[in-house]
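Asker: Read off the chains here:
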Amino acid sequence: MTTTTALPAPTSSFTRLRRRHGWLAGVVVLLIVFVVLRATQIPNFGGFELRTILAGSMALAFLAMAQGVVVISGGINIAVGALMVFANCLAARFMLEQDALTATLIAVAVIAVCAIISGIMGLVITISGVPDIIVTLALSFVIGGMALLVLPAPGGGIPLELQPLIVGGFSDPLPAVLWLTIAFVAIWLPFKRSRWGIATYAVGSQRNASYLSGVNVANTRIRAYVLSGVFVGMAGIVTTAFTGGGEPRASIGLAALLSSVAAVVLGGVALTGGSGGLLGPILAALILSLIPAIMLGFGWNPNYAEVARGAILILVVMFGGYIQMRKRTT
Amino acid sequence: MSTVSTIDDAATRGRRMGRMLTERPVIVLSAALLVLYVVTGIQDPSLFTAQGIRSTLLLACPLAIMAAAQTVCMLTGGIDLSSAMIANFAAYISANNAGAGPLQSLGFAFLVGAVVGLINGVGVGVFKVNPLIMTLGMSSVLVGVVTVGIVGDGFLSGSSRLLPFVKTVGSGNLFGPIPLNATVLLLVSVALLYGLRRTGLGRNIYAVGDNEPAVRLAGSRVWQVLIAVYVIAGILAALAGLMFSGISGSVGPDQTNSYLLPAIAAAVIGGTSILGGTGGFAGTIVGALILTVLNRLLLGFETSEAVRQIIYGIIVLALAWVYVRLTGQRAD
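Which chain is which? The protein sequence lines are A and B, in order. Residue 216 in our numbering sits at position 216 of the first sequence; the count goes up by one each step and never skips. Adding 1000 to a residue's 1-based position in the second sequence gives its number in our numbering.
Just chain A, same shape as in the assembly (with noise of 0.2 Å):
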């Protein structure tokens, strides 16, 4: 930053990209340094090793895009754990022992569901007034205890033959890749190039100023967490399929939302909102579930890889906040 008060220089187009994708250029080369080294340490890495990274992150991959779609928008959604367990059970006890066709259309109902509670959660949001916060926080353990009803003990199942498709058989990573990039170019891209994606991030960035230029503040922010809802449904089918139950504990929906907001900060989403994108979170959330993994791959102990997560979301935070303090003072 210079100290003269001239106008400033117009910006060159690589300092533009630079700015613009840096964070993002930075994520990739971190999930390249990642999946090498952990490619080094197994004798022969191949489809197996990958379905297994892949399977493994695909539901914190889409968690990372339900939390990173809210944030974009201004807010912060502490629910999506406990709503991807609440999936988790509700899929796990209606699939149990059904066909293959009844167990797809209990996906698209489970994920339909979903979207409907994260929808009233915004509209409990923009009618209330409380903050974002205190919304999802109570109602996170309101839905925890929903899906303690539903599974009151861990259980349920889902169809045999799904479980491929959905994440991949034995060495096949091509299903959780193809999942991946459905949901975000054909959910995620249109969204984001609608007008009610141009209006998300408007509001993300500056709630009055889109309200005073005609944006519905409400309805663009009741959308965000619709749109959540909808990736957090695919996240907790995602867990059903990997985990082949249900499983009701609130520790899992705690850890999955920390995890979630730790791969949104790392992929590049100012939790101010309104900048920002979904590929940065989607490979933040590869790359944070490739810890404990290497981690074991080292000899550590990878109950450490818990305290990893904890420590690399308040460092990356506190990193954020320096920059902002830098920007402040200069």
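One should not assume that every hint holds.
[Said to hold, decoys possible] To list a few chain A residues with every Cβ distance to chain B over 10 Å, as calculated: (1) E97; (2) G144; (3) D172; (4) V185; (5) K192; (6) Y201; (7) G297; (8) G299.
[Unchecked claim] Among the chain B residues that face chain A by a calculated CB cut under 7 Å, a handful are: (9) V1316; (10) T1327; (11) R1330.
None of these hints come from the bench; they were simulated from the model. Quick reminder that beta carbons are idealized off the backbone N, C-alpha and C, glycines included.
On the provided structure of chain A, position chain B as indicated by the hints.
Answerer: Using the frame of chain A, we list chain B on its own:
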């Protein structure tokens, strides 16, 4: 903060009620507690006996102290989601050092709370990290540390015996229906009520929650206030953890986790605004008592943990909504 009570003559009864609730929440809440107590007692007469009062107080005291941690954070507009894990960790540390005498055992437990609180405070105060994110991340770090500590030959393994002092204070009896841990709550509440109302730090805590830029411009160092707040919250959480372990007679890696939302709920019910600047500890104590009696009422109807969670969540949301309505402090 200012409690100028100029009652508008034209104000409707409801609005006067609302003002009463925001300015003198303790009176309204105490009435609510009394009603709830009688209703619960009719449904479950054992509540009216000395034993019933004792068991209510025994559970309400540690909850009130856990809620005290949330109250001081919420007064500055923050929240401490790591307090449950601080409580668990501190209880473990205390039990682990039980053999080395009470001074070391308790000292280390409070040190853990203070250090974790200090890190939280530095993150929130100096690096401007969102308090929710900061304490959530800290909670995850502590989950990892405790898990690593208790598996195999970790540094927390073998901590199964409590310090006798913790057990005595946690579950002993003072006289009649008053449990011994009520004295701890009494000491904490005297310190907090005095500290928040009468000391410079206390006034700064309210001021930071009310209008942070103004406090900064007035020359107070906001970051120091925030660090102090989170250190206090950490120490209070550690104290709550010791008291909970005294009741159960054991330590566990997630023993106080189910008290985190009730603690936040107690502070919210007690009239402390989650947006900061208004509220106080007196309301929180009544809030903790209300929740404990409510818990008993729900238990009487043989509701499951799931239903109770749902009811807690709805109560917190509904009250936050009511307070936002009454104070006109909309987040947008």
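Asker: Run the C-beta distances from A/G297 to all of chain B and say if the shortest one exceeds 10 Å.
Answerer: holds (18 Å)
Asker: Would you settle whether the hint for B/T1327 is holds or violated, based on the nearest Cβ-Cβ distance to chain A being less than 7 Å?
Answerer: Where the cut-off is 7 Å and the nearest Cβ of chain A is about 10 Å from B/T1327, the hint is violated.
Asker: Double-check B/R1330 for me: the hint is only fine if its C-beta lies closer than 7 Å to a C-beta in chain A.
Answerer: holds (3 Å)
Asker: Examine each Cβ of chain B, and state whether all of them lie more than 10 Å from the Cβ of A/Y201.
Answerer: About 17 Å separates A/Y201 from the closest Cβ of chain B, which puts it past 10 Å; holds.
Asker: Taking the least C-beta to C-beta distance, is B/V1316 closer than 7 Å to chain A?
Answerer: holds (4 Å)
Asker: Using Cβ atoms and 10 Å as the threshold, tell me whether A/G299 really stays out of contact range of chain B.
Answerer: At about 14 Å from chain B, A/G299 clears the 10 Å cut-off, so the statement holds.
Asker: Since A/E97 was said not to touch the interface, does its Cβ keep a gap of more than 10 Å from each Cβ of chain B?
Answerer: holds (24 Å)
Asker: Taking C-beta pairs only, is A/V185 more than 10 Å away from all of chain B?
Answerer: Holds: least Cβ distance 30 Å, greater than 10 Å.
Asker: Per the stated criterion, does the least C-beta distance between A/D172 and chain B lie above 10 Å, as a non-interface residue requires?
Answerer: holds (32 Å)
Asker: Just want to verify: A/G144 was marked as not at the interface with chain B; is every Cβ pair farther apart than 10 Å?
Answerer: Check fails; 6 Å does not lie beyond 10 Å.
Asker: So A/K192 supposedly isn't at the interface. Is its beta-carbon more than 10 Å from every beta-carbon in chain B?
Answerer: holds (23 Å)
In this structure, the earlier hints numbered 2 and 10 are contradicted, and the remaining ones agree with it.
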